Amino acid sequence: MKFLCMECDEQMHFAERREPGDGTFTASFVCPRCGRAIAMLANPMESQLVGSLGVKIGGETLDDPEPLEFVRAHVEGADPALTGGTVGRSPTPPDHLASRQRPAWSPAAMARLDRVPGFVRGMVKRIYGEYATERGIPEITPEIMDRARVELGLEGM
Amino acid sequence: MTLRAYRDLTGADASRVGEQIDAQRAQLAERLASVRWVVAVMSGKGGVGKSHITGLLARGAAASLSNGVGVLDADLASPTVAHMLGADGRLVATEAGVTPVLGANGVRVASSAFLLADDAPLRFREPNGERWIWRGTLEAGVLRDFLTGIRWGTLDLLLVDLPPGPGGVTDLAHLLPAVDGVVAVTIPSEESRRSVARTATTAREAGLRILGVVENMAGYACAACGVPGPLFPGDAGRRLASAFDVPLLGRVPFRPPDAPDATDRDAEALTERLLGVLA
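Note that the protein sequences, when read in sequence, are chains A and B.
Residue numbers for the first sequence follow my numbering, beginning at 2 and rising by one.
Residue numbers for the second sequence follow my numbering, beginning at 385 and rising by one.
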């Protein structure tokens with residue numbers, strides 16, 4: 002898929018990919034000439050269609066993917082099983098968390114998460130996500146991550 | 385203002401989807417470069433003992449080959465071969481990657497069974513509607529992930545235990561062009577012969593080499609002396625081997641629990657013939 006800035010007749014460049022956590026993804030593109038930015042918002046079915054191919058918008062899988070990344074992303078219970086949790090544990094959050102909105106990740110927090118070794122990144126992301134959800138924190142920032150590390154004893158994550 | 389066609393924009397696709405898929409294929413080839421032979425085990429229908437034969441071949445090969453044997457359970461929704469090989473554990477990711485679980489004779493096993501709770505079905509995290517659209521893609525993705533994400537190490541033989549029917553055969557052919565061939569498993573009955581013939585034809589049309597036929601449940605071994613008596617009518621194994629001009633690798637009787645244990649002999653005989661075809 003390519004995006005054209007019609008004002009400049011210039012192909013737009015991919016800028017950022019975000020997963021708000023509700024099964025959708027957002028990809029933003031910027032015109033290299035005028036700087037205009039647009040965001041493409043995919044619904045869960047469209048996200049699934051791309052994800053089932055094992056590819057990502059933005060080409061992130063070219064760099065050192067996590068072991069069994071596809072399995073973790075698409076098979077229920079696989080992620081906690083692979084990271085040492087209970088085999089086959091349902092990924093569904095507990096009832097008291099299910100009704101709460103899942104937090105967003107700020108770009109700075111995402112950049113920091115990207116520095117976490119790939120094989121534990123999913124687990125780390127989930128821990129921070131549950132921490133924020135339990136406290137009603139709408140967005141995870143580096144400051145929130147620091148606070149969680151201290152409160153949860155997650156030195157090194 | 386102009387509106388141009390996709391190919392008018394000469395810049396790369398922002399997501400480099402083509403490159404990502406090429407990278408997946410390259411990673412798969414790299415991971416399997418240290419595997420001497422990749423052999424799939426198929427059947428036309430369920431219940432013919434395909435996983436049992438896979439287990440026998442794995443045990444026999446592990447006893448006679450020096451560089452290791454692996455088994456990938458590609459029957460994702462109904463994984464059984466791991467249990468038959470006594471592989472009990474789970475796949476755990478470490479800094480070194482994901483290592484297979486060891487079974488009988490040191491066979492390295494990867495299976496969805498290691499990720500599922502007892503009696504829990506395989507569930508994908510897809511939206512509830514229109515599952516049929518991406519089920520095949522998801523299953524192929526899991527197989528590719530098992531093949532590339534597991535640290536199989538150096539292997540003489542990697543056996544792939546396919547789900548019954550032609551779908552798994554064609555998926556494997558597209559996913560893994562370097563597969564060395566398939567072993568067809570049948571029981572003696574005419575119904576099984578017809579079913580396996582269809583799947584074997586599909587395999588040939590997909591460019592896969594049929595290495596031979598194994599007739600399972602070829603008689604019922606006497607509990608006292610182990611000598612097989614009749615069980616099912618028919619000679620599907622011989623007829624399939626003749627029709628496809630491939631060797632009949634063996635006829636394996638059903639052995640009740642109280643019959644003399646000849647599992648090692650069955651495994652050794654099957655493996656010897658299979659390795660003879662591969663060599």
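If you are wondering where the hints come from, they were derived from the structure by calculation, not from laboratory data.
Please read all numbers here as calculations on a predicted model, not as lab measurements.
Hints may contain errors.
What the hints assert, rightly or not - Pulled a few chain A residues facing chain B out of the computed Cβ check, cut under 8 Å:
id, residue
1, K3
2, V56
3, P68
4, L69
5, H75
6, V76
7, A82
8, Y132
Claimed, not checked - Simulated restraints on C-beta separations:
id, chain 1, residue 1, chain 2, residue 2, range
9, B, R420, A, H14, 38 to 48 Å
10, B, G591, A, E135, 33 to 43 Å
11, A, R148, B, Q411, 35 to 45 Å
12, A, P45, B, A562, 31 to 41 Å
13, A, E135, B, A562, 45 to 55 Å
14, A, P33, B, Y390, 40 to 50 Å
15, A, E135, B, R593, 52 to 62 Å
Where a beta carbon is used, it is the ideal one built from N, C-alpha and C, also for glycine.
Status of the hints after comparison with the structure:
no., hint, result
1, K3, "holds, 5 Å"
2, V56, "holds, 4 Å"
3, P68, "holds, 5 Å"
4, L69, "holds, 4 Å"
5, H75, "holds, 5 Å"
6, V76, "holds, 6 Å"
7, A82, "holds, 5 Å"
8, Y132, "violated, 22 Å"
9, B/R420 x A/H14: 38 to 48 Å, "holds, 45 Å"
10, B/G591 x A/E135: 33 to 43 Å, "violated, 54 Å"
11, A/R148 x B/Q411: 35 to 45 Å, "holds, 38 Å"
12, A/P45 x B/A562: 31 to 41 Å, "holds, 36 Å"
13, A/E135 x B/A562: 45 to 55 Å, "holds, 49 Å"
14, A/P33 x B/Y390: 40 to 50 Å, "violated, 19 Å"
15, A/E135 x B/R593: 52 to 62 Å, "holds, 56 Å"
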